[in-house]
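S.K.: Spelled out, the chains give:
Number of protein chains: 2
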Amino acid sequence: MLKVPVHQVAGHPASEGQLGPLVDESGCFYKPLQNNERGNTEVAFYMSFSSNPRVPKHIQRFFPKFYGTRLVEASDGSGLHPHLVLEDVISNYVKPSIMDVKIGSRTWYAEASEDYIQKCFEKDKKSSSVSLGFRISGLQVYRSPESGYWKPEKKQIQKFGADDVSLVLRRFVSSYQPTESDRDPDCAFASSIYGGSSGILAQLRELKSWFEDQTILQFYSCSILMFYDKESLLNGGDPRGAVKLVDFAHVVESKGSIDHNFLGGLCSLIKFISEALATVNECTIEACSTD
Amino acid sequence: MLKVPVHQVAGHPASEGQLGPLVDESGCFYKPLQNNERGNTEVAFYMSFSSNPRVPKHIQRFFPKFYGTRLVEASDGSGLHPHLVLEDVISNYVKPSIMDVKIGSRTWYAEASEDYIQKCFEKDKKSSSVSLGFRISGLQVYRSPESGYWKPEKKQIQKFGADDVSLVLRRFVSSYQPTESDRDPDCAFASSIYGGSSGILAQLRELKSWFEDQTILQFYSCSILMFYDKESLLNGGDPRGAVKLVDFAHVVESKGSIDHNFLGGLCSLIKFISEALATVNECTIEACSTD
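Here the protein sequences come in this chain order: A and B.
Sequential numbering from 1 applies to the first sequence in full-length UniProt numbering.
Sequential numbering from 1 applies to the second sequence in full-length UniProt numbering.
No wet-lab data here; the hints were simulated from the structure.
Note that the structure is a prediction, hence the values are computed from the model and not measured.
Heads up, some of the hints might be wrong.
For chains that are exact copies, the list does not tell them apart, and a pair is met inside one copy or across any two.
With a straight-line cut-off of 20 Å between C-alpha atoms, the simulated DMTMM-like cross-links for lysine to aspartate or glutamate are [to be verified]:
| # | residue 1 | residue 2 |
| --- | --- | --- |
| 1 | K125 | E114 |
| 2 | K244 | E212 |
| 3 | K125 | D163 |
| 4 | K65 | E206 |
| 5 | K159 | E111 |
| 6 | K65 | D24 |
| 7 | K3 | E153 |
| 8 | K255 | D164 |
| 9 | K255 | E212 |
| 10 | K271 | E206 |
| 11 | K154 | E87 |
| 12 | K126 | E111 |
| 13 | K208 | E42 |
| 14 | K126 | D115 |
| 15 | K126 | E114 |
| 16 | K271 | E253 |
| 17 | K151 | D182 |
| 18 | K255 | D213 |
| 19 | K271 | E212 |
| 20 | K57 | E206 |
| 21 | K125 | D115 |
| 22 | K125 | E253 |
| 23 | K65 | E87 |
| 24 | K208 | E275 |
| 25 | K126 | E253 |
| 26 | K159 | E231 |
| 27 | K255 | E275 |
| 28 | K151 | E231 |
Working from the sequences, and respecting the hints, build out all of it.
M.R.: Written out as structure tokens, the structure is:
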């Protein structure tokens with residue numbers, strides 16, 4: 001039985017009567033293939049990437065597992081439609097906080113059509129892509145059983161500047177204080193989620209090292225999904241803070257250089273997250289020295 | 001006595017009867033101030049940067065020393081004109097090989113005029129800026145007393161793609177073999193110039209570390225000048241391989257992020273140079289194992 005995913009934060013949702021992704025109970029994610037070059041590009045990416053010996057194992061884990069393509073009943077009721085069958089990376093998360101960050105100051109590539117370039121160019125300038133090297137495309141932050149998720153609207157997210165991004169990255173790892181202003185989040189979970197040898201920051205840095213070296217592909221308009229399970233964290237369990245790359249409809253072969261566009265944006269995101277973490281460390285040091 | 005510099009590889013030369021830079025015999029470089037915002041931007045940059053306590057000493061050394069501004073006789077005969085007085089970074093080099101590399105996949109910033117953005121946008125797409133994250137703006141490679149310098153024309157340089165850039169970076173550190181094809185340079189000096197703990201690659205990596213962290217400025221349309229003295233190298237002396245940043249007419253204050261545009265391009269350049277160096281190391285290893 002396929003159903004509409006509960007925790008989708010970006011992209012077209014299936015719930016509005018249109019073609020969108022589906023999930024099953026065995027942990028698979030069914031992404032409808034677009035009937036154009038983008039669909040072809042994404043299938044080609046998954047087919048070649050998952051078996052590419054030049055991509056090391058510790059890097060493969062940042063990509064959803066690929067189980068092939070399958071014809072399944074489309075979410076819009078239009079009948080059978082080809083879908084990519086992928087790993088549903090958040091299937092085991094009970095109350096996931098998720099952020100989708102589209103990486104790169106430009107989302108277009110030189111070989112695309114003039115129209116497409118112009119469309120992307122305007123979007124990149126209006127959003128934080130040009131200024132920060134990335135833009136948040138969607139997010140949900142679990143607050144509490146009573147308050148559920150904080151999930152700002154797309155229009156609000158699109159207007160995010162540097163200060164908003166900084167705030168949201170801190171709010172993403174904060175405990176929920178309904179009586180206090182959300183302008184000063186406590187970053188209570190920053191060390192557990194962003195920090196540590198297997199935290200999100202360490203994972204992003206591992207990815208960065210690979211991007212400093214790989215000249216295989218250029219990942220235009222690709223997103224980094226960051227997520228963790230707050231319920232598990234609050235119960236003293238492993239929050240499983242994770243990083244996955246998603247959306248490969250605009251991946252192109254490299255023409256002999258690294259993907260400087262992706263790398264620059266990734267470094268910028270790393271810097272923002274480092275600063276969120278540093279705020280906490282400073283507070284801890286101050287607290288210690290006051291004691 | 002001011003004269004036209006002999007070793008200028010990029011920008012408008014004074015020699016064509018137009019306003020251009022001058023040098024004196026005490027090691028100063030006089031750069032005419034443009035009569036517009038660019039001139040103001042560059043003066044403001046040098047004034048604040050050279051005394052900015054947030055910029056560490058080991059980073060200041062990558063920038064030409066700044067000695068103020070002075071009215072001097074313009075090179076185009078138009079009378080007194082304000083000039084920046086800077087350190088002439090190659091004044092002590094006898095036979096300098098020089099490469100001017102404009103860093104960043106885009107040379108425009110969002111606050112610039114639509115016309116300016118469009119002009120830069122087209123230039124960036126036509127050159128290697130968009131594809132590689134940088135473009136070579138000028139170069140001269142010293143060959144031998146008989147053959148002098150190899151100094152390709154601007155039009156030829158503008159067409160450089162990934163393969164040309166790779167070739168030129170190897171040719172830059174090769175001995176001159178007049179009888180052989182230049183398509184297969186020997187990289188005889190790659191280890192001395194690019195390699196080692198104080199070589200060009202180490203210097204670029206030091207600069208990279210700073211760019212991963214600094215959120216003070218964004219260096220649009222700025223160049224990295226790489227140079228060394230081949231005469232000195234051939235005589236067994238120190239070739240003084242060096243890296244300097246130049247051209248700050250489009251530097252803007254950061255809006256809270258790192259300069260991901262510059263950093264991405266710098267990482268791309270580092271990768272190209274690493275590959276040039278790796279070729280040599282492989283050859284050396286092969287030679288050793290054959291012996």
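S.K.: So, for every hint listed, does it hold in this structure?
M.R.: Hints and how they fare:
Taking identical chains as interchangeable, the C-alpha atoms of K125 and E114 lie at most 20 Å apart whether they share a chain (16 Å) or sit on different chains (12 Å). Proximity of K244 and E212 under a CA criterion of 20 Å is satisfied intra-copy only: 18 Å inside one chain copy versus 22 Å between copies. Taking the shortest alpha-carbon separations for K125 and D163, only the intra-copy value of 17 Å comes in at or below 20 Å, while the best inter-copy value is 31 Å. In this assembly of identical chains, the alpha carbons of K65 and E206 lie at most 20 Å apart only when taken from the same copy (19 Å versus 37 Å across copies).
For the identical chains of this complex, K159 and E111 are inter-copy neighbours only, at 17 Å across copies versus 28 Å inside a copy, given an alpha-carbon limit of 20 Å. Taking the shortest alpha-carbon separations for K65 and D24, only the intra-copy value of 15 Å comes in at or below 20 Å, while the best inter-copy value is 64 Å. Taking the closest pair of Cα atoms, K3 and E153 never come within 20 Å of each other, the shortest separation being 23 Å inside a single copy and 62 Å across copies. Within a single copy, K255 and D164 get their C-alpha atoms only as close as 35 Å, which misses the 20 Å cut-off; across copies the closest is 12 Å, which meets it.
Within a single copy, K255 and E212 get their C-alpha atoms as close as 15 Å, which meets the 20 Å cut-off; across copies the closest is 25 Å, which misses it. Within a single copy, K271 and E206 get their C-alpha atoms as close as 14 Å, and across copies as close as 17 Å, so both meet the 20 Å cut-off. Taking CA atoms no more than 20 Å apart as the test, K154 paired with E87 passes in neither setting, with 25 Å inside one copy and 51 Å between copies. Proximity of K126 and E111 under a CA criterion of 20 Å is satisfied inter-copy only: 12 Å between copies versus 22 Å inside one chain copy.
For the homomeric pair K208 and E42, neither the shortest alpha-carbon distance inside one copy (22 Å) nor that between copies (33 Å) is at most 20 Å. In this assembly of identical chains, K126 and D115 lie within 20 Å of each other by CA distance both inside one copy and across copies; the values are 17 Å within and 17 Å between. Within a single copy, K126 and E114 get their C-alpha atoms as close as 18 Å, and across copies as close as 14 Å, so both meet the 20 Å cut-off. Proximity of K271 to E253 under the C-alpha cut-off of 20 Å is restricted to the inter-copy arrangement: shortest distance 17 Å between copies versus 28 Å within a copy.
When the C-alpha separation of K151 and D182 is checked against a cutoff of 20 Å, the pair qualifies only within one copy, where the shortest distance is 14 Å, while the shortest distance between copies is 60 Å. In this assembly of identical chains, the alpha carbons of K255 and D213 lie at most 20 Å apart only when taken from the same copy (14 Å versus 28 Å across copies). In this homomeric assembly, K271 and E212 come within 20 Å of each other (Cα to Cα) both inside a single copy, at 16 Å, and across copies, at 7 Å. Proximity of K57 and E206 under a CA criterion of 20 Å is satisfied intra-copy only: 12 Å inside one chain copy versus 30 Å between copies.
Taking the closest pair of Cα atoms, K125 and D115 come within 20 Å of each other both inside a single copy (16 Å) and across two copies (15 Å). Only between protomers do K125 and E253 lie at most 20 Å apart by alpha-carbon distance; the minimum there is 17 Å, versus 25 Å within a single protomer. Only within a single protomer do K65 and E87 lie at most 20 Å apart by alpha-carbon distance; the minimum there is 5 Å, versus 56 Å between protomers. Taking CA atoms no more than 20 Å apart as the test, K208 paired with E275 passes in both settings, with 17 Å inside one copy and 18 Å between copies.
Taking CA atoms no more than 20 Å apart as the test, K126 paired with E253 passes between copies only; the shortest distance there is 19 Å, against 27 Å inside one copy. For the homomeric pair K159 and E231, neither the shortest alpha-carbon distance inside one copy (30 Å) nor that between copies (56 Å) is at most 20 Å. Proximity of K255 and E275 under a CA criterion of 20 Å is satisfied inter-copy only: 15 Å between copies versus 34 Å inside one chain copy. In the homo-oligomer, the alpha carbons of K151 and E231 lie at most 20 Å apart inside one protomer (17 Å), although the nearest pairing across protomers, at 65 Å, exceeds that limit.
Violated hints for the displayed structure, listed by number in ascending order: 7, 11, 13 and 26.
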